[in-house]
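*Asks:* From first to last, the protein sequence lines are chains A and B. Everything in the first sequence is counted per the numbering used here, starting at 1 for the first residue and increasing by one. Everything in the second sequence is counted per the numbering used here, starting at 255 for the first residue and increasing by one.
For the record, the hints were derived by calculation from the structure and aren't laboratory data. Glycine included, every Cβ here is placed at the ideal spot set by N, Cα and C. One or more of the hints may lead you astray.
[Stated by the list, open to error] The list that follows gives simulated cross-link-like pairs (lysine to any residue, SDA-like), each with its CA atoms no further than 25 Å apart:
1. A/K136 <-> B/I278
2. A/K17 <-> A/H72
3. A/K116 <-> B/V456
4. A/K116 <-> B/D283
5. B/K284 <-> A/K17
6. B/K587 <-> A/S119
7. B/K587 <-> A/F138
8. A/K116 <-> B/N484
9. A/K146 <-> B/N285
10. A/K116 <-> B/E480
11. A/K146 <-> B/G537
12. A/K29 <-> A/F163
13. A/K136 <-> B/R277
14. A/K29 <-> A/E227
15. B/K284 <-> A/V143
16. A/K193 <-> A/R230
17. B/K587 <-> A/A145
18. A/K116 <-> B/I541
19. A/K69 <-> A/I49
20. A/K136 <-> A/S119
21. B/K284 <-> A/G117
22. A/K69 <-> A/H56
[What the hints assert, rightly or not] Some, not all, of what chain A presents toward chain B, calculated at C-beta under 10 Å:
23. N101
24. M104
25. G105
26. L112
27. F114
28. V115
29. G117
This is what each chain is made of:
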Amino acid sequence: METKFLELKDTSKSFGKVSALDRVNFFIKGEPEIVALIGDNGAGKSTLIKIISGVHPPDSGEIHIQGEKVDHWSVAKARAVGIETVYQDRALVLQQTIARNIFMGRERTGVLGFVKGRSQLAEANRLMRTIGFTSKVFASDSVVAKLSGGERQGVAIARALYFQADLMILDEPTTALSLTESEKVFDFIRRAKESGTSCIFISHNIYHAYDVAERFVVLDRGKVVLETDRVHTTAEQLVKDMQEIARCNREGSA
Amino acid sequence: MATSEERSQHLDLAAEPRGPRWRISSFIDKNRRALSVFLVLTVLLLVFTMVSPQVFLTPLIYLAISRTLPMFIILAAAMVFVVASGEIDLSFHSIVGLAAWTFALTLEAGLSPYLGVLFAVIVGAFAGFINGLIVTRLGLSSLVSTLGMGFLIRGLINIGTQGEGTPVTFLRDTPFYNAFIGNIRGFPVHMLWALGFVVLSVLLFNYHVFGARISCVGDNLESSREMGINVALIKTLAFVYVGIASAIVAIQFTLTNQIFYPTIGEGLLMIVLAAVFVGGTPGWGGIGTIMGAALGACIVGVITSGIVAAGISHLFTDFFYGLIIILALMGHKLNEPRYRY
Numbered sequence: 001m002e003t004k005f006l007e008l009k010d011t012s013k014s015f016g017k018v019s020a021l022d023r024v025n026f027f028i029k030g031e032p033e034i035v036a037l038i039g040d041n042g043a044g045k046s047t048l049i050k051i052i053s054g055v056h057p058p059d060s061g062e063i064h065i066q067g068e069k070v071d072h073w074s075v076a077k078a079r080a081v082g083i084e085t086v087y088q089d090r091a092l093v094l095q096q097t098i099a100r101n102i103f104m105g106r107e108r109t110g111v112l113g114f115v116k117g118r119s120q121l122a123e124a125n126r127l128m129r130t131i132g133f134t135s136k137v138f139a140s141d142s143v144v145a146k147l148s149g150g151e152r153q154g155v156a157i158a159r160a161l162y163f164q165a166d167l168m169i170l171d172e173p174t175t176a177l178s179l180t181e182s183e184k185v186f187d188f189i190r191r192a193k194e195s196g197t198s199c200i201f202i203s204h205n206i207y208h209a210y211d212v213a214e215r216f217v218v219l220d221r222g223k224v225v226l227e228t229d230r231v232h233t234t235a236e237q238l239v240k241d242m243q244e245i246a247r248c249n250r251e252g253s254a
Numbered sequence: 255m256a257t258s259e260e261r262s263q264h265l266d267l268a269a270e271p272r273g274p275r276w277r278i279s280s281f282i283d284k285n286r287r288a289l290s291v292f293l294v295l296t297v298l299l300l301v302f303t304m305v306s307p308q309v310f311l312t313p314l315i316y317l318a319i320s321r322t323l324p325m326f327i328i329l330a331a332a333m334v335f336v337v338a339s340g341e342i343d344l345s346f347h348s349i350v351g352l353a354a355w356t357f358a359l360t361l362e363a364g365l366s367p368y369l370g371v372l373f374a375v376i377v378g379a380f381a382g383f384i385n386g387l388i389v390t391r392l393g394l395s396s397l398v399s400t401l402g403m404g405f406l407i408r409g410l411i412n413i414g415t416q417g418e419g420t421p422v423t424f425l426r427d428t429p430f431y432n433a434f435i436g437n438i439r440g441f442p443v444h445m446l447w448a449l450g451f452v453v454l455s456v457l458l459f460n461y462h463v464f465g466a467r468i469s470c471v472g473d474n475l476e477s478s479r480e481m482g483i484n485v486a487l488i489k490t491l492a493f494v495y496v497g498i499a500s501a502i503v504a505i506q507f508t509l510t511n512q513i514f515y516p517t518i519g520e521g522l523l524m525i526v527l528a529a530v531f532v533g534g535t536p537g538w539g540g541i542g543t544i545m546g547a548a549l550g551a552c553i554v555g556v557i558t559s560g561i562v563a564a565g566i567s568h569l570f571t572d573f574f575y576g577l578i579i580i581l582a583l584m585g586h587k588l589n590e591p592r593y594r595y
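Throw the hints in and build the complete structure from the sequences for me.
*Replies:* Next comes the structure, spelled out in structure tokens:
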């Protein structure tokens, strides 16, 4: 049995009276994979993600990294282990260059704190290449504000890659993006997987999720209600399943 | 479907031919704002020279301008850091007064003028530190809080000095004096200090991690926080930098006028802000140009002295200030690259 990179066992979390997660089991395999986390608003996706990235401690349950149990999980520990959350358009500084965005807060400096500009530029170029950024018009000394939404998402992904993320969490990365732009983001994610980084992809859009992910985990009201993969289901079937879940919710609360 | 190797060949971002034409257009692109200001300054000088060639083709007017230009340049260059970080400092003119007073007090106590400089710089830095503290820890708007600090500090000086100044004529022609504002073959030394300060500021702003983080913080505070930048520290350091610059300028003014008087520094506020904004540093943060601010200071300096020297009534000075400011800003706006948002 291969060691899993990450495993959440029997994890629960409540905020006051609201139970956000209820004995959830979730894992990411040892080898790079792309997992879609699907569910309606309030299903618990954000909470699950925040527990994984160390923002919230779980009320109960265990977190295992590389097969070993971890206590007192934190953002710093999550980062140290290679878990990076990528927010859409956030944590970017639009008027600055791609290179500066990638290295902000973690600049490569030499003597007396002077930035190694050329080294950063070269590394930024390499990273953007790795994720498949094909634009001939822009290079890493281009300003991020000139990039499209999908390309900006690419910069955020490239940054996560640089910091050797083993696991990238993308929160609704294709919101407000066109088809072409979304396709670009999927491409970046696939390339990231090829270079060794797993991805948890949160989305409302089943078709987007199906396009890029291999495994699907569906949350509903704090519980895992469906776990499947591309081999065992189709996008249409997933949509039907989601509708069924929603229908049960409506009838259940009627 | 292209193989990944074929794709890699297309993906080399640095593979585009980068000949001299690209280098020139890239240089222009990256220095648009400063170059525009340089153009404006050149046109301004040409106009003044055409109107009064006898004044502007002789060295005397430039010597006159250079008496106060270094002070404008130093303050404008430092101010870029604060504005680019997304804040503003309206108290620096009073910090100039405070630092000058510290210098005068040190001399009155019979201590060495070099010690006076040290104490003045410490006081200036400390005043900047207080400004930074108020803005970052108390969360007050810098516009309002530094406005208040400006009055507060000036008030302290007035109360403390009871309105009386301190002559420092005895320093004239001492090595100390010559080091700060003497002449090298007629060329004013404090202009060299200003040049040195500009070089230091350019290095810090464009090539040092401090400048990189200033730009990030001014561009998007939240993003900078998320990426682990200590935004409170960065902003405070910018205010400290302005405080130190104010102290340097305070010494220069005191020595130039050979007297410390309690209102020293008054009138600098509008001049320096005009220099910064005419120079192309926008008010919204994230972008800054030290060279632009220095050239903007030159424009302001030229207008100040040039108008009267050119035989135009001094009553036109304000009018031309306003005209330059608005035209310059319009120019920078037109110059802005088209972004997609």
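*Asks:* Return the numbers of the hints above that this structure violates; sort them in rising order.
*Replies:* Failing hints, ascending: 5, 6.
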